[in-house]
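Engineer: Residues per chain are reported as follows:
Number of protein chains: 2
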Amino acid sequence: MEQFKKIILTEKEMPGQWYNIAADMPNKPMPPLHPGTKKPVCEEDLHAIFPPEIARQELSTERYIDIPDEVTNLYHTFRPSPLFRAVNLEKALGTKSKIYYKYEGGNYSGSHKANTAIAQAYYNKKDGVRRITTETGAGQWGSAMSFACNHFGLELLVFMVKVSYNQKPGRKLLMNTYNADVIPSPSTLTAAGRKILEADPDSPGSLGIAISEAIEIAVQDPYTKYSLGSVLNHVSLHQTIIGEEALIQMEKAGDYPDVVIGCFGGGSNFSGITFPFIREVIKKNRKTRFLAIEPSSCPKLTKGIFTYDFGDEAGMTPLLPMFTLGHSFIPDKIHAGGLRYHGAGVLVSQLLKDGFIEAKSKMQRECMAGATLFARTEGILPAPESSYAIAGALDEARLADIEGVSKTILFNLTGHGHFDISAYEKYFANNLPDHELSAAEVEKALAKINPIDCR
Amino acid sequence: MEQFKKIILTEKEMPGQWYNIAADMPNKPMPPLHPGTKKPVCEEDLHAIFPPEIARQELSTERYIDIPDEVTNLYHTFRPSPLFRAVNLEKALGTKSKIYYKYEGGNYSGSHKANTAIAQAYYNKKDGVRRITTETGAGQWGSAMSFACNHFGLELLVFMVKVSYNQKPGRKLLMNTYNADVIPSPSTLTAAGRKILEADPDSPGSLGIAISEAIEIAVQDPYTKYSLGSVLNHVSLHQTIIGEEALIQMEKAGDYPDVVIGCFGGGSNFSGITFPFIREVIKKNRKTRFLAIEPSSCPKLTKGIFTYDFGDEAGMTPLLPMFTLGHSFIPDKIHAGGLRYHGAGVLVSQLLKDGFIEAKSKMQRECMAGATLFARTEGILPAPESSYAIAGALDEARLADIEGVSKTILFNLTGHGHFDISAYEKYFANNLPDHELSAAEVEKALAKINPIDCR
Numbered sequence: 001m002e003q004f005k006k007i008i009l010t011e012k013e014m015p016g017q018w019y020n021i022a023a024d025m026p027n028k029p030m031p032p033l034h035p036g037t038k039k040p041v042c043e044e045d046l047h048a049i050f051p052p053e054i055a056r057q058e059l060s061t062e063r064y065i066d067i068p069d070e071v072t073n074l075y076h077t078f079r080p081s082p083l084f085r086a087v088n089l090e091k092a093l094g095t096k097s098k099i100y101y102k103y104e105g106g107n108y109s110g111s112h113k114a115n116t117a118i119a120q121a122y123y124n125k126k127d128g129v130r131r132i133t134t135e136t137g138a139g140q141w142g143s144a145m146s147f148a149c150n151h152f153g154l155e156l157l158v159f160m161v162k163v164s165y166n167q168k169p170g171r172k173l174l175m176n177t178y179n180a181d182v183i184p185s186p187s188t189l190t191a192a193g194r195k196i197l198e199a200d201p202d203s204p205g206s207l208g209i210a211i212s213e214a215i216e217i218a219v220q221d222p223y224t225k226y227s228l229g230s231v232l233n234h235v236s237l238h239q240t241i242i243g244e245e246a247l248i249q250m251e252k253a254g255d256y257p258d259v260v261i262g263c264f265g266g267g268s269n270f271s272g273i274t275f276p277f278i279r280e281v282i283k284k285n286r287k288t289r290f291l292a293i294e295p296s297s298c299p300k301l302t303k304g305i306f307t308y309d310f311g312d313e314a315g316m317t318p319l320l321p322m323f324t325l326g327h328s329f330i331p332d333k334i335h336a337g338g339l340r341y342h343g344a345g346v347l348v349s350q351l352l353k354d355g356f357i358e359a360k361s362k363m364q365r366e367c368m369a370g371a372t373l374f375a376r377t378e379g380i381l382p383a384p385e386s387s388y389a390i391a392g393a394l395d396e397a398r399l400a401d402i403e404g405v406s407k408t409i410l411f412n413l414t415g416h417g418h419f420d421i422s423a424y425e426k427y428f429a430n431n432l433p434d435h436e437l438s439a440a441e442v443e444k445a446l447a448k449i450n451p452i453d454c455r
Numbered sequence: 001m002e003q004f005k006k007i008i009l010t011e012k013e014m015p016g017q018w019y020n021i022a023a024d025m026p027n028k029p030m031p032p033l034h035p036g037t038k039k040p041v042c043e044e045d046l047h048a049i050f051p052p053e054i055a056r057q058e059l060s061t062e063r064y065i066d067i068p069d070e071v072t073n074l075y076h077t078f079r080p081s082p083l084f085r086a087v088n089l090e091k092a093l094g095t096k097s098k099i100y101y102k103y104e105g106g107n108y109s110g111s112h113k114a115n116t117a118i119a120q121a122y123y124n125k126k127d128g129v130r131r132i133t134t135e136t137g138a139g140q141w142g143s144a145m146s147f148a149c150n151h152f153g154l155e156l157l158v159f160m161v162k163v164s165y166n167q168k169p170g171r172k173l174l175m176n177t178y179n180a181d182v183i184p185s186p187s188t189l190t191a192a193g194r195k196i197l198e199a200d201p202d203s204p205g206s207l208g209i210a211i212s213e214a215i216e217i218a219v220q221d222p223y224t225k226y227s228l229g230s231v232l233n234h235v236s237l238h239q240t241i242i243g244e245e246a247l248i249q250m251e252k253a254g255d256y257p258d259v260v261i262g263c264f265g266g267g268s269n270f271s272g273i274t275f276p277f278i279r280e281v282i283k284k285n286r287k288t289r290f291l292a293i294e295p296s297s298c299p300k301l302t303k304g305i306f307t308y309d310f311g312d313e314a315g316m317t318p319l320l321p322m323f324t325l326g327h328s329f330i331p332d333k334i335h336a337g338g339l340r341y342h343g344a345g346v347l348v349s350q351l352l353k354d355g356f357i358e359a360k361s362k363m364q365r366e367c368m369a370g371a372t373l374f375a376r377t378e379g380i381l382p383a384p385e386s387s388y389a390i391a392g393a394l395d396e397a398r399l400a401d402i403e404g405v406s407k408t409i410l411f412n413l414t415g416h417g418h419f420d421i422s423a424y425e426k427y428f429a430n431n432l433p434d435h436e437l438s439a440a441e442v443e444k445a446l447a448k449i450n451p452i453d454c455r
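Protein chains in written order, with my numbering: chain A, 1 to 455; chain B, 1 to 455.
Because the hints were derived from the structure by calculation, they are not lab data.
Here the structure is a predicted model, which is why all the values come from computation and not from measurement.
A couple of the hints might just be wrong.
No distinction is drawn between identical chains; accordingly, a pair holds when it is met within one copy or between any pair of copies.
[To be verified] List time: in silico EDC-like cross-link candidates among lysine to aspartate or glutamate, alpha-carbon distance up to 16 Å:
no.	residue 1	residue 2
1	K5	D69
2	K287	E44
3	K5	E70
4	K96	D395
5	K333	E436
6	K5	E251
7	K6	E70
8	K284	E44
9	K333	D202
10	K38	D258
11	K283	E155
12	K6	E90
13	K96	E403
14	K444	D332
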């Protein structure tokens, strides 16, 4: 009686390189533009906020980039991460399909964010940086960065989106335990924050605002750099370790995914699990679908437009070619704080535009129902963000059953929900609102964008 | 530059049997006595609250007991668990000693309690039981049992010690997510609970009271059985998987512990990590010390007496030969709720009496300081219970340095503290009281015991 199936790899089997999909994309991503000159940025332009190696990786078209030994060593405390076959979930559904999930919550930070936090902290330390500023939504990224910075001897200042700061005090305390300073955003520490608070003293904040605040502090001091947990190419690069491992593990399981699913905020975990499988489509003509699941209240992929836009609220980042709802869009206070972002990463946006990936939006109550079923059958309590990927996987399994076929479904379980238990409390109390952004709301948001021609 | 060292085992390397130390103890444990007749209980006596296989294991003197396939299958979702060399903690201490820890928090329940929960739920299901009642302190045991019962199709009713119910709402919600009913104890559901509430409506509760309530419900219905998360022999038995794995892992590390350390509540995790190493002392004359760390506010091992006493407040369990502060002792409201128990398990008590193990008590603030240092260096956020083992390990390392020697120290990191973050909050705010039970308090507690001659 086989009830569970876990596919593990040894440390020696862990891939030694990250995969850069830019090398293989038929249409290369368009370059970021300088926010002032509107001309393509070069590596040097990025040195104002990033150390040289991060700037290099951001614009690189090299196919593979070596993972440094110091990063590998910390990865080995929790990597390779396990791949599970969700046998009990399948039974509960009564599906003919096979559901696999890659679990990225089994590390100190409880989410996939550690994969890039460790790399970014390392490169900053190597470059002589002393302090890092960053933003965080629900707190996974902030927690990941806190321990990584403390490990490499860097100070960290985190701007935490205010709604999450209030919803999730545990995450703030975890960051404090790891020695970081945490400020609710919008704050009065920065001009960007003060401007928002003047217009709306009760602003719940957004990732876009928190990014503006973090960058504003970083550019004032040559020994302080900024660090971003999603969206950018180097972040997606570091996350590809997820998909590279999953490829080997699916092979060990004697299976191959018909569809690969990830939840979608800025795109980092989605890129991480899908890019190596997309490479197999491009280079080896494999047939796999890729499905990004975003919140109905923040539907940049399904209702946004593809245009150059800022990554932050105040317009301090380079202009990025992305699917966006506009950098001033402030999403609903959903519990999946990590998905409350107006835009999609550059690589993912181009791939969506070119038809390599699909996107779908879902409501939070349905996602929490899926997360509860998952917890009861598979044991792991999913983060609210991860619940979107689960809901996407359940949809695929049910659709396959209706069609009378069996699919092999792989999704990324980005993290655990131990610090998000209040979301479950509200779900059980039937106290979790649903909101699908209406056509009028979409129109209003998009009208604020000042589009630049994107071919 | 090696910063971390993780020693993992494959599923095939996981031992297939639990180890029963009763087979090898020079002085066998004295038998439990029937609470009514005061005569030694036999297996049949235990059938009122336990299924036959559990009753058999409780009184067994077989050296090894096979782990059933169904249990192994669920174990494999998180076992073998990793053993880490705490290189960064060693560096922070500047110690010459080597510190290893076995991490038992990487499963759905976040603690070692899953090891016995899965076995107990399985044996109950196999015997046709429909519902289980149990107690829980901080909630680790209750969480472990909730998922295990749901997995095997059993209902679960959990009496959660009221102080923890209020301190740790997250644990209650986790149990609900896993489909269990959770009642704060003392409750009005039982005569035992009502009696306590009449005497003290504000009673914080204790594990002893919660056990009485759970047993009272169980004995009323032939399809309901009771399940205990610590103290008893079969619980210690199931936990020996920890030490059996650690033995193999220490060998792989090319090392062997001079001292093995565990925190101490009722003794289950301590038994689990130490018993296989104590076997090596008894059978192979290995030289290892064994150190139990208990809270200064609940010092049964260091200040209690060895006598027959009840396992619960109301006197419904068999009388057990144990180190105890008396079954009516209500410990301070420390955050390590899992250590708030008046007595020590039978096997551990006999081994302490016979000089195989040592015990030491510590204050919670010192333990939380150790836990914070551990989190900052090793990444994992320890449960307040586990912080006692950490503090014990730090003491051993510092003492060794004073003596100018290098020791190999192994401790059991029983679980993560994700649901106990309020303990860290209070520690950081300098709002965590310390209390060492005074001689007068000890005398008062012990005076209530009606001792039975224990040789």
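Engineer: Would you pick out the hints that fail for this structure and give their numbers low to high?
Structural biologist: Checked against the structure, the hints that fail are numbers 2, 8, 10, 11, while the rest are satisfied.
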